[in-house]
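Participant: Chain by chain, the residues run as shown.
There are 2 protein chains.
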Amino acid sequence: MDSQSLYQEIIRKNTFLCIGLDSDIQRLPDCVKNADDPVFEFNRRIIDATRDYCIAYKLNTAFYEANGASGWLTMDKTIRYIGKTHLTIADAKRGDIGNTCDQYARAFFETMDCDAITLAPYMGSDSITPFLKYQGRYAIVLGLTSNPSATEFQYAKDKNDNEWFLHIIQTAAQWGNANNMMFVVGATRADRLADIRKIIPDHFLLIPGIGTQGGSLEDVVKFGINKQVGLLVNSSRTIIFASTTSDFDRCAADEAIKISKEMALLLQKYTR
Amino acid sequence: MDSQSLYQEIIRKNTFLCIGLDSDIQRLPDCVKNADDPVFEFNRRIIDATRDYCIAYKLNTAFYEANGASGWLTMDKTIRYIGKTHLTIADAKRGDIGNTCDQYARAFFETMDCDAITLAPYMGSDSITPFLKYQGRYAIVLGLTSNPSATEFQYAKDKNDNEWFLHIIQTAAQWGNANNMMFVVGATRADRLADIRKIIPDHFLLIPGIGTQGGSLEDVVKFGINKQVGLLVNSSRTIIFASTTSDFDRCAADEAIKISKEMALLLQKYTR
Chain A
476 MDSQSLYQEI IRKNTFLCIG LDSDIQRLPD CVKNADDPVF EFNRRIIDAT
526 RDYCIAYKLN TAFYEANGAS GWLTMDKTIR YIGKTHLTIA DAKRGDIGNT
576 CDQYARAFFE TMDCDAITLA PYMGSDSITP FLKYQGRYAI VLGLTSNPSA
626 TEFQYAKDKN DNEWFLHIIQ TAAQWGNANN MMFVVGATRA DRLADIRKII
676 PDHFLLIPGI GTQGGSLEDV VKFGINKQVG LLVNSSRTII FASTTSDFDR
726 CAADEAIKIS KEMALLLQKY TR
Chain B
476 MDSQSLYQEI IRKNTFLCIG LDSDIQRLPD CVKNADDPVF EFNRRIIDAT
526 RDYCIAYKLN TAFYEANGAS GWLTMDKTIR YIGKTHLTIA DAKRGDIGNT
576 CDQYARAFFE TMDCDAITLA PYMGSDSITP FLKYQGRYAI VLGLTSNPSA
626 TEFQYAKDKN DNEWFLHIIQ TAAQWGNANN MMFVVGATRA DRLADIRKII
676 PDHFLLIPGI GTQGGSLEDV VKFGINKQVG LLVNSSRTII FASTTSDFDR
726 CAADEAIKIS KEMALLLQKY TR
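So the protein sequences, as listed, match chains A and B. With the numbering used here as the guide, the letters of the first sequence map in order to residues 476 to 747. With the numbering used here as the guide, the letters of the second sequence map in order to residues 476 to 747.
Among the hints, a few may not be true.
When chains are identical, the list treats them as one kind, so a pair holds in a single copy or across two.
[Unchecked claim] Calculated pairs, DMTMM-like style, for lysine to aspartate or glutamate (alpha carbon to alpha carbon, straight line, at most 25 Å):
(1) K552 - D499
(2) K744 - E638
(3) K634 - D677
(4) K608 - D499
(5) K508 - E585
(6) K702 - D601
(7) K552 - D577
(8) K634 - D666
(9) K552 - D512
(10) K632 - D670
(11) K508 - D577
(12) K634 - D551
(13) K552 - D511
(14) K608 - E693
(15) K552 - D666
(16) K733 - D512
(17) K508 - D670
(18) K697 - D588
(19) K744 - E585
(20) K733 - E484
(21) K744 - D601
(22) K736 - D577
(23) K702 - D511
None of these hints come from the bench; they were simulated from the model.
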């Protein structure tokens with residue numbers, strides 16, 4: 476899905492919501508616990524209920540790997556179940572030497588058929604470029620993350636007095652383009668989006684950190700929107716664990732609808 | 476295995492070799508291809524043949540994930556097969572927000588029962604500390620990596636004119652100690668080991684990059700050795716793909732023995 480198609484989906488559905496399937500097996504509702512694959516059953520019901528109110532799903536690999544090989548099977552089944560109507564993101568934060576990243580690209584873009592993967596930039600271009608040769612797929616590079624300790628390294632200054640995250644984004648943006656790269660910018664750092672947009676006006680941004688982590692959706696849109704909207708705002712726990720009753724899927728959909736309605740209003744307010 | 480026990484194993488076996496099981500399914504010898512799980516059969520034979528000539532095995536997760544859920548099963552079986560006689564390292568280069576890293580720690584230290592995991596530092600202390608609370612296990616943080624593009628960010632200067640990798644190592648070393656943390660330093664950067672040892676005299680270092688990547692073993696020892704030796708030097712492809720004939724395991728052992736003999740000589744030369 477190229478960035479123009481993603482934009483068209485945002486306009487058609489009037490939302491830029493990405494739902495994070497951080498499907499922690501220890502937090503599942505009782506009603507799915509007896510299924511053959513409880514996490515898949517949970518995901519399936521969440522996906523069925525929320526498809527119309529989001530444009531992307533993000534699977535955080537950690538929550539699946541915690542269940543070992545069967546967790547990988549669940550992840551694979553979930554990606555296939557979502558299909559090609561939505562952008563599927565493996566939130567995997569990989570990054571390694573070139574020959575190893577060829578294998579990660581094969582794992583996530585061929586064996587698993589995800590549309591995008593998050594990547595850590597510390598090892599430089601070798602660790603990102605293997606992902607860029609796949610047409611219609613995205614390498615989503617960590618820019619400025621939403622966690623409290625992001626400031627330790629990402630806000631430290633380089634010798635030109637630039638913050639490190641700006642140095643990283645500026646350099647990494649040269650390796651690809653808006654049709655094969657995105658960047659992660661935490662919603663808890665929305666005030667820095669204006670600086671980031673000066674460097675990468677055209678790229679889509681994957682924005683975690685609204686909801687449980689406390690970021691402001693309006694600030695994200697105000698400082699981050701571009702001519703293709705350019706935002707995939709993720710919400711995980713707030714939506715998928717909205718309730719643990721037997722109608723948890725309906726409650727998740729209600730949360731997704733609520734966020735999407737806010738998004739629709741903000742699109743109206745900030746689209747030029 | 477605490478650092479003292481690791482040291483004792485190095486002295487007992489007279490080697491500090493770590494064998495990297497980068498077991499690329501596309502490069503396996505014909506003689507294992509008909510096994511139920513060809514990668515496991517390959518690993519099993521390599522492990523049986525090389526156990527006495529190394530102190531650690533490192534599994535690069537990418538090569539297993541490329542095979543999907545069945546690859547994770549192979550990884551899990553391999554870790555169990557190695558058992559507790561050797562340090563087992565998941566070369567996974569993970570790193571995420573705190574609640575996610577709790578899940579990665581569960582995945583690799585509980586579900587899979589590895590002794591160590593490699594981690595990327597970009598997201599700061601939140602992304603490392605969840606791994607430090609496991610007694611006898613190691614968070615192995617990327618310091619200075621062996622790949623060509625490592626220089627792009629890791630050699631860039633901070634505002635105090637320190638190279639970035641030194642800034643990272645200096646900061647991260649404060650989060651734990653030599654019994655729960657190690658650092659990755661590529662053998663291709665052996666000339667920088669003296670600077671690194673000034674900051675972390677006591678930590679073990681995981682050193683990839685000899686063999687195919689071209690690093691010098693003698694330089695690694697000369698600049699990197701400490702009072703517990705403090706080095707786990709990894710070799711992957713040179714050993715495991717030494718041959719694709721039916722006696723590939725014997726050929727792998729020969730390579731491991733050759734490297735371990737060099738190590739024994741260097742230990743004699745540089746141990747004080």
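Participant: Confirm or reject each hint.
Facilitator: Right, here's what the structure says about each hint:
no., hint, verdict
1, K552 - D499, "both (16 Å within a copy, 24 Å between copies)"
2, K744 - E638, "neither (31 Å within a copy, 45 Å between copies)"
3, K634 - D677, "neither (27 Å within a copy, 29 Å between copies)"
4, K608 - D499, "between (33 Å within a copy, 21 Å between copies)"
5, K508 - E585, "between (31 Å within a copy, 21 Å between copies)"
6, K702 - D601, "neither (30 Å within a copy, 35 Å between copies)"
7, K552 - D577, "both (23 Å within a copy, 24 Å between copies)"
8, K634 - D666, "both (23 Å within a copy, 23 Å between copies)"
9, K552 - D512, "both (10 Å within a copy, 21 Å between copies)"
10, K632 - D670, "both (15 Å within a copy, 21 Å between copies)"
11, K508 - D577, "between (37 Å within a copy, 22 Å between copies)"
12, K634 - D551, "neither (44 Å within a copy, 44 Å between copies)"
13, K552 - D511, "both (13 Å within a copy, 23 Å between copies)"
14, K608 - E693, "neither (34 Å within a copy, 38 Å between copies)"
15, K552 - D666, "neither (38 Å within a copy, 47 Å between copies)"
16, K733 - D512, "neither (29 Å within a copy, 48 Å between copies)"
17, K508 - D670, "neither (46 Å within a copy, 53 Å between copies)"
18, K697 - D588, "neither (33 Å within a copy, 46 Å between copies)"
19, K744 - E585, "neither (40 Å within a copy, 49 Å between copies)"
20, K733 - E484, "within (18 Å within a copy, 59 Å between copies)"
21, K744 - D601, "neither (41 Å within a copy, 36 Å between copies)"
22, K736 - D577, "neither (40 Å within a copy, 33 Å between copies)"
23, K702 - D511, "neither (45 Å within a copy, 53 Å between copies)"
Hints 2, 3, 6, 12, 14, 15, 16, 17, 18, 19, 21, 22, 23 from the list above are not met by this structure, while the remaining hints are.
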